[in-house]
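Residue numbers (the numbering used here), protein chains in the order written: chain A, 1358 to 1943; chain B, 1358 to 1943.
Hints listed in this document are in silico derivations from the structure and should not be mistaken for laboratory results. Just so it is clear, CB atoms sit at the ideal spot from N, CA and C, and this is done for glycine as well. Take these hints with a grain of salt, some might be off.
Quick list of in silico lysine to any residue cross-link-like pairs, SDA-like style, CA-CA up to 20 Å [unchecked claim]:
(1) A:Lys-1554 to B:Met-1537
(2) B:Lys-1366 to A:Ala-1547
(3) B:Lys-1895 to B:Ala-1634
(4) A:Lys-1366 to B:Glu-1540
(5) A:Lys-1785 to A:Asp-1772
(6) A:Lys-1363 to B:Met-1537
(7) B:Lys-1372 to A:Glu-1544
(8) A:Lys-1676 to B:Glu-1540
Which bits of chain A does chain B cover? Going by a derived footprint, with three or more residues having C-beta under 8 Å, they are [to be verified]:
(9) 1400-1410
(10) 1539-1547
(11) 1586-1599
(12) 1778-1792
(13) 1830-1839
(14) 1856-1865
(15) 1928-1938
2 protein chains.
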Amino acid sequence: MIEYKKIQKIMQDIKNSQEIDLRIDNAKIADVYRGIFFEGSVCVHQGIIVGFNQEIQAKQVIDAKQAYLVPNFFDGHVHIESSMLSPEKFAELVIPFGTGTVIADPHEIANVKGLDGIRFMIESAKQSLLDVKFMLPSCVPALPFEDAGANLFAQDLAELIDNENVYGLGEMMNVPGVLMQDEAVLEKIALASNRQKMVDGHSPNLDGAALDMYVLAGVRTDHECTTVQEAMDRIQRGMYVMLREGSAAHDLVNLLPAVNSHTIKNCLLCTDDKQCADILQRGHINDSVRLAVANGIEPIDAIKMATINVADAYGIKHKGAIAPGKEASFMLIKDFENCMPHAVYIKGNLVAENGKYIANHHAEPNAKLTTLTHSMQESMQTILPEKLLLTIPSKKARVIRVLPHSLLTKCEIMDVITDEQGNFVFEKNKGMLKLAVVERHKKTGKIGLGLLHSEYGLQNGAIATTISHDSHNIVVSGDNDADILFALQEVEKMGGGIVMVSQGKVLAKLALNIGGLMSSAEPQEVAKALKELYAVAKEHYKIWDKADAFMTLSFLALPVIPDLKLTPQGLFDVTKFHFVDIDASK
Amino acid sequence: MIEYKKIQKIMQDIKNSQEIDLRIDNAKIADVYRGIFFEGSVCVHQGIIVGFNQEIQAKQVIDAKQAYLVPNFFDGHVHIESSMLSPEKFAELVIPFGTGTVIADPHEIANVKGLDGIRFMIESAKQSLLDVKFMLPSCVPALPFEDAGANLFAQDLAELIDNENVYGLGEMMNVPGVLMQDEAVLEKIALASNRQKMVDGHSPNLDGAALDMYVLAGVRTDHECTTVQEAMDRIQRGMYVMLREGSAAHDLVNLLPAVNSHTIKNCLLCTDDKQCADILQRGHINDSVRLAVANGIEPIDAIKMATINVADAYGIKHKGAIAPGKEASFMLIKDFENCMPHAVYIKGNLVAENGKYIANHHAEPNAKLTTLTHSMQESMQTILPEKLLLTIPSKKARVIRVLPHSLLTKCEIMDVITDEQGNFVFEKNKGMLKLAVVERHKKTGKIGLGLLHSEYGLQNGAIATTISHDSHNIVVSGDNDADILFALQEVEKMGGGIVMVSQGKVLAKLALNIGGLMSSAEPQEVAKALKELYAVAKEHYKIWDKADAFMTLSFLALPVIPDLKLTPQGLFDVTKFHFVDIDASK
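Looking at chain A on its own, in the form it has when it is part of the complex:
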């Protein structure tokens, strides 16, 4: 919100001086209200658009040279953590692509650090030029029994719901909880609803009467649609549908047939999860706009889905359009084939040029960062090899099998060869991998063990990562115990991150010093480290080309996606919704 005294000050200033700060002439101005581009000037004073007067004096006059002048884009739903960058670095990365506002759900860091993690995100983001509106994570942990770093109830979220940067409740993934009217779940929705704040949703495959109930319960958005029918079912019920284009999920093009002159108002663009290397390479929401236009959407319509529609949905009144009273945050862009702004303005200041962040403004390292770096509570240095013993007396094991290009797994019952004590031995089970999930938040000492089918393909080493949805314990996998233990020790030394080891040596690593999820390094550095990790995965480990080496591991610990997952408490059969033994006879 813009305080009215600021508007008064601007009006007074213009009246007194008959001069404004900035006039941009000769632009093709995106008019999201009339659905056209019109040629003209945009006048800016003290960071606010004050009109279209071509004749007013200005301290600075810029010739747009017939470029399009477009409001900065919104990301309708994003987990900043998925970029692997701190909020400040994320800001500096996405701003040059024309992103000015994001609706962020700090779900990942909340699973590690609870309210402190959310506060850290809010405070860090505040120091950047990116406008970050926060949705409070609704499902921490993802399931009640999980070993997450925090357990957030409505009374916890209540501490932050009235924060001026908090716009509502984050994606309500607990669909059964909503439908069964779980009191704790509805309390969280009530927290946002009673303040007329937004409640985001997450409801793949839901339809009919169940979808009615989910909407009745107060959920207003969904970014999980993958079919036109799903999108239409939700729009019909007044929901906002996010057309997602992220690193892993590419739903935008599939959903475009749902966009027409009526439904467009309820269609928003989002990335959800987009990793920094992808952003560097392909862009951010501007890439979604480009893709929409390339697939037949009128540029002004694509712009609407990336600007005013998000602003309207989330009640952000002073943004998303080029009009008097709106924030002077816009970009100049030559064409929509590339959709790459050559100049990005925030509050009237040029902050990025030709893809480079040029603002003098750089966020100070956040004071709270120090507490967040120490996210590893359990000392990996003391884990004994005995902890990795996997006993399967019946010699029939439940093995996790990764499916191609999917986060789903299959539970495969396989014969395994053991030693005399009934313990799994690598040598006699060619290619089969051990998998461990090690609790890292509360020094519980819990280690869950499992077997991963050889198809995943890791050879001669181990990978450990502190990104493991949603509780973000440590997932480690390898083809020998020594490397598994070494990887755990190394990941602890880094203070969290991803490490790849082989025969007692580190082959590649990426330190994620903020909660084991994000790096405070430069995006380019993080992207470079990631590239090296992928190179090792491919060339040294020979990991299956139908799996993403790291994301596959990261989701093996999430006990809400079928079939078989591993938690610090052991194997979990998601379909049957209970823990199972590694020994298939049990």
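Following the hints, complete the assembly by docking chain B onto the known chain A.
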């Protein structure tokens, strides 16, 4: 806003009983989100739409017989006072036409009774089934020097701005005040803006840089557009444009070319001023919808302008569409040629059928009514004939000339014949009428006198009315002093209203017991009385057929419409913006 505990109760109830209150089958459901009508059922429980499940058990099942099921209409901007009915009676009148929500600006009663008048409207409306959202009148009085019943500053409005039924600031007519940055004016806008509440506008003919400033200042709507260009200029700047169709102003059809698939989101329907006899005869917002459809707008688009677009503009989240979680307030309608609902539901209850209000709910007479009836402070019984003497020594007078079908007047300099004392005499100035505006709010004793050109045509009598915009003093006109005085006495006896007298007898009258503006009688009675008044105007008085006998008089006291107007302080030259003498030589 619907409290979340109500939603929880509904969900719980359905879960426990597997039964709902009401299911309407076989309807063509207006889907304002997808822009279509779809065939199906609508499920209602405890006044809320809970979904489209055709199979759920219901206590009551209604066959819509393929009728359209449409959300109840919104009137985007209305002065209820112009209906001449109390809020409760207005509610019972418009509900059968499918109006469920109105955005009301109690500007007229506020000019008479100030905050008490507004509170009366809010409290009265609350007792009706109509949902009335209030905008606080921004311009009371219309001009600072006026003899209105109240003078409302920002600090006065502050008492009501946080009322749950107050949605913002009413039409900001003081355009020069905004543009000149009058502190008192901007303070009022700040009051609404700083709470993210709406600020309504009123800016005929404004364009370019001045319009930019008006929008920058925070004004968000306009219902005064008469041309497509005006509408487009405002939509371009993000304003909401109201397509007005009232008793006097018929702008809707002219503005329809401004409505397209992009702009429609910013287009709303409103009546502004519609008198009860017109509503009875032609309908309310349903008549606007009918007219739009008759002029080529798709029915679903016309419905959007009358429902969801208004709800969105004013941030009314639980209305304006048929979707889970929305209030079960809708109508059944057979066709859009007549656009007359045969059944109207509010919160799940049938409240009107075939044009008849059938709800058992009738508002109790408002306790505050008694104070409002005594709006006449000056005793007319004591006015001496001498007070009506009109001295014009130069025998050249400034005469008000009414223009055909217009609220504008002309200042005509005319020769008049006087007696020896220089006083105007009726007998020798054939057809010329005396006009007086008598202050009625604060016992100031002020009487402004003027002359009305014979074209208006009142013969053999006098008319007095307490409706006289915007200060609502008494306007009286006649062709002899005795009837003028008698009319003043009679209008006082009634406690306000309209009275027509001739030779000491009352020919027709309409008592407006609430502030001299509204009647607490039944709409049919008021309409009947009005009809009689018009008959007398035509048959007895022979009033000009190019003037509305009463509205013409009512606007002769409004010193913001050019050229020459009359106030209790005397003649006012609106163009020169100062008082002038009746004697043209002065």
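Status of each hint after checking the structure:
For a cut-off of 20 Å, the pair hint linking A:Lys-1554 to B:Met-1537 is broken: about 36 Å separates their Cα positions. Annotation: proposed proximity of B:Lys-1366 to A:Ala-1547 holds, straight-line Cα distance about 12 Å (limit 20 Å). Among the hinted pairs, B:Lys-1895 with B:Ala-1634 is consistent with the structure: their alpha-carbon atoms are about 17 Å apart, no more than 20 Å. Note on A:Lys-1366 and B:Glu-1540: the hinted pairing holds, with a Cα-Cα distance of about 12 Å set against a maximum of 20 Å.
As the CA atoms of A:Lys-1785 and A:Asp-1772 are separated by approximately 11 Å, the hinted pair is consistent with the 20 Å bound. Simply put, A:Lys-1363 and B:Met-1537 have alpha-carbon atoms about 17 Å apart, close enough for the 20 Å limit, and the pair holds. Simply put, B:Lys-1372 and A:Glu-1544 have alpha-carbon atoms about 18 Å apart, close enough for the 20 Å limit, and the pair holds. With a CA separation close to 26 Å, the supplied pair A:Lys-1676 and B:Glu-1540 exceeds the 20 Å bound.
Only residues whose beta carbon comes within less than 8 Å of a beta carbon in chain B count, and the stretch 1400-1410 of chain A has 6; three or more means the coverage holds. By the rule of at least three residues with a Cβ nearer than 8 Å to a Cβ of chain B, the coverage given for the stretch 1539-1547 of chain A holds, with 3 such residues. Residues of the stretch 1586-1599 of chain A lying with their CB closer than 8 Å to a CB of chain B number 5, which satisfies the three-residue condition for coverage. For a cut-off of 8 Å, the count of residues in the stretch 1778-1792 of chain A with a CB near a CB of chain B stands at 0, and the three-residue condition is violated.
A count of 0 residues in the stretch 1830-1839 of chain A with a Cβ less than 8 Å from any Cβ of chain B is obtained; the coverage claim is therefore unmet, three being the minimum. Remark: the stretch 1856-1865 of chain A is not confirmed as covered by chain B, as 0 of its residues place a Cβ nearer than 8 Å to a Cβ of that chain, below the required three. Look at the stretch 1928-1938 of chain A against chain B: 0 of its residues bring a Cβ nearer than 8 Å to a Cβ of that chain, fewer than three, so the hint is violated.
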